[in-house]
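Using the sequences plus the hints, can you model the full thing?
So the sequences go chain by chain: A and B. Each residue of the first sequence is one higher than the one before, starting from 3 at the first, in our numbering. Each residue of the second sequence is one higher than the one before, starting from 3 at the first, in our numbering.
Hints in this document: simulated from the structure, not taken from any laboratory. Among the hints, erroneous ones may be present.
[Unchecked claim] Distance ranges between label pairs, derived from CB positions:
hint	chain 1	residue 1	chain 2	residue 2	range
1	A	Thr137	B	Arg5	17 to 25 Å
2	A	Asp29	B	Leu112	30 to 38 Å
3	A	Gly10	B	Leu112	38 to 46 Å
4	A	Pro49	B	Arg161	33 to 41 Å
5	A	Arg115	B	Leu112	48 to 56 Å
6	A	Thr47	B	Gly38	42 to 50 Å
7	A	Gly142	B	Val127	39 to 47 Å
8	B	Glu131	A	Asp82	40 to 48 Å
9	B	Leu112	A	Gly117	42 to 50 Å
10	A	Asp82	B	Asp124	44 to 52 Å
[Claimed, not checked] Among chain B residues calculated to face chain A with C-beta under 7 Å, some are:
hint	residue
11	Ile7
12	Gly10
13	Val15
14	Glu23
15	Ala50
16	Ile51
17	Thr55
18	Leu87
19	Thr91
20	Gly93
21	Tyr94
22	Ser146
23	Leu152
Backbone N, C-alpha and C define an ideal beta-carbon position, used for all residues, glycine too.
2 protein chains.
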Amino acid sequence: MRRTIYAGRTIKVHLDDDRWEVVERADAVAVLALDGGKVLGVRQTRPAIGGRTWELPAGLVDRGENLEQAALRELSEEADLTGELRRITAGYPSPGFCTELITLFEATSLSARPGTPDTLEDVTVEWREVDEVWTAITEGRELSSLTTLLGLAVARSRRAGG
Amino acid sequence: MRRTIYAGRTIKVHLDDDRWEVVERADAVAVLALDGGKVLGVRQTRPAIGGRTWELPAGLVDRGENLEQAALRELSEEADLTGELRRITAGYPSPGFCTELITLFEATSLSARPGTPDTLEDVTVEWREVDEVWTAITEGRELSSLTTLLGLAVARSRRAGG
Chain A
3 MRRTIYAGRT
13 IKVHLDDDRW
23 EVVERADAVA
33 VLALDGGKVL
43 GVRQTRPAIG
53 GRTWELPAGL
63 VDRGENLEQA
73 ALRELSEEAD
83 LTGELRRITA
93 GYPSPGFCTE
103 LITLFEATSL
113 SARPGTPDTL
123 EDVTVEWREV
133 DEVWTAITEG
143 RELSSLTTLL
153 GLAVARSRRA
163 GG
Chain B
3 MRRTIYAGRT
13 IKVHLDDDRW
23 EVVERADAVA
33 VLALDGGKVL
43 GVRQTRPAIG
53 GRTWELPAGL
63 VDRGENLEQA
73 ALRELSEEAD
83 LTGELRRITA
93 GYPSPGFCTE
103 LITLFEATSL
113 SARPGTPDTL
123 EDVTVEWREV
133 DEVWTAITEG
143 RELSSLTTLL
153 GLAVARSRRA
163 GG
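What follows is the structure in structure tokens.
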């Protein structure tokens with residue numbers, strides 16, 4: 003039996019059979035954009051983890067949006083760009099307790115599309131070399147998301163012909 | 003100001019400044035084990051997402067364990083194996099709201115080490131071809147975690163010489 007313990011702004015917390023904690027949250031999207039060996043990312047403050055990260059543009063899917071619309075909105079809001087989308091893959095960040103599914107897209111044929119930034123977000127665009135940023139995250143000099151690491155690994159495997 | 007709204011068995015939920023929801027959860031580990039083009043995974047039921055997944059062996063770090071101990075325990079509990087560990091990388095599954103950090107290890111020189119399975123887990127070991135399982139997840143025929151996709155992408159990039 004499911005009891006809802008908390009229903010908040012971005013998450014709900016359920017307790018199943020008085021034991022299993024489940025966090026319900028909207029699904030998310032992320033965008034891999036490559037240009038001549040560089041990858042598009044945004045530097046932003048992430049209070050939940052107490053630090054600044056460098057991540058692929060990403061965000062939650064808003065009510066009424068499909069995945070592609072959400073990906074293009076995030077690309078525009080965070081990097082003032084638009085492009086043609088191709089779905090790469092999708093996975094669960096934490097399937098042990100959270101409903102969230104993240105879909106990773108690639109954006110090509112990039113062009114300018116100024117977006118209205120979420121004024122609550124302190125976001126700086128930074129294009130970086132794929133290998134340099136992989137190494138910086140892996141060595142712990144930068145904080146980042148699993149989705150970002152996945153996008154970088156896909157870029158590395160593709161460049162290598164995989 | 004932080005208020006703790008829920009303190010449960012595996013998560014705590016905090017509300018910062020009456021607005022920002024933060025889920026506090028233990029860190030986690032996952033293990034990539036490769037053998038001749040095949041990758042070790044476990045099939046298990048994941049009630050939070052309402053389905054069965056195929057995932058790299060993974061789990062939360064228990065109190066008093068370091069990351070390597072947790073990775074070896076999971077490898078033993080879920081696959082009756084042990085090995086030599088090398089850290090691949092680490093990233094946050096959902097840095098927008100959750101404190102959890104996942105560290106991905108590779109295990110080599112595998113040998114038998116029967117573990118005591120968590121009796122609550124219904125886990126079946128399945129070695130699969132790297133490309134076959136990547137495609138199955140990507141095409142939506144299987145559910146899996148971002149960590150699993152990251153491990154598979156790393157295997158693909160390495161095999162390709164990246």
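> Okay, which hints does this one fail, numbers in order?
Replying inline: 1, 7, 18
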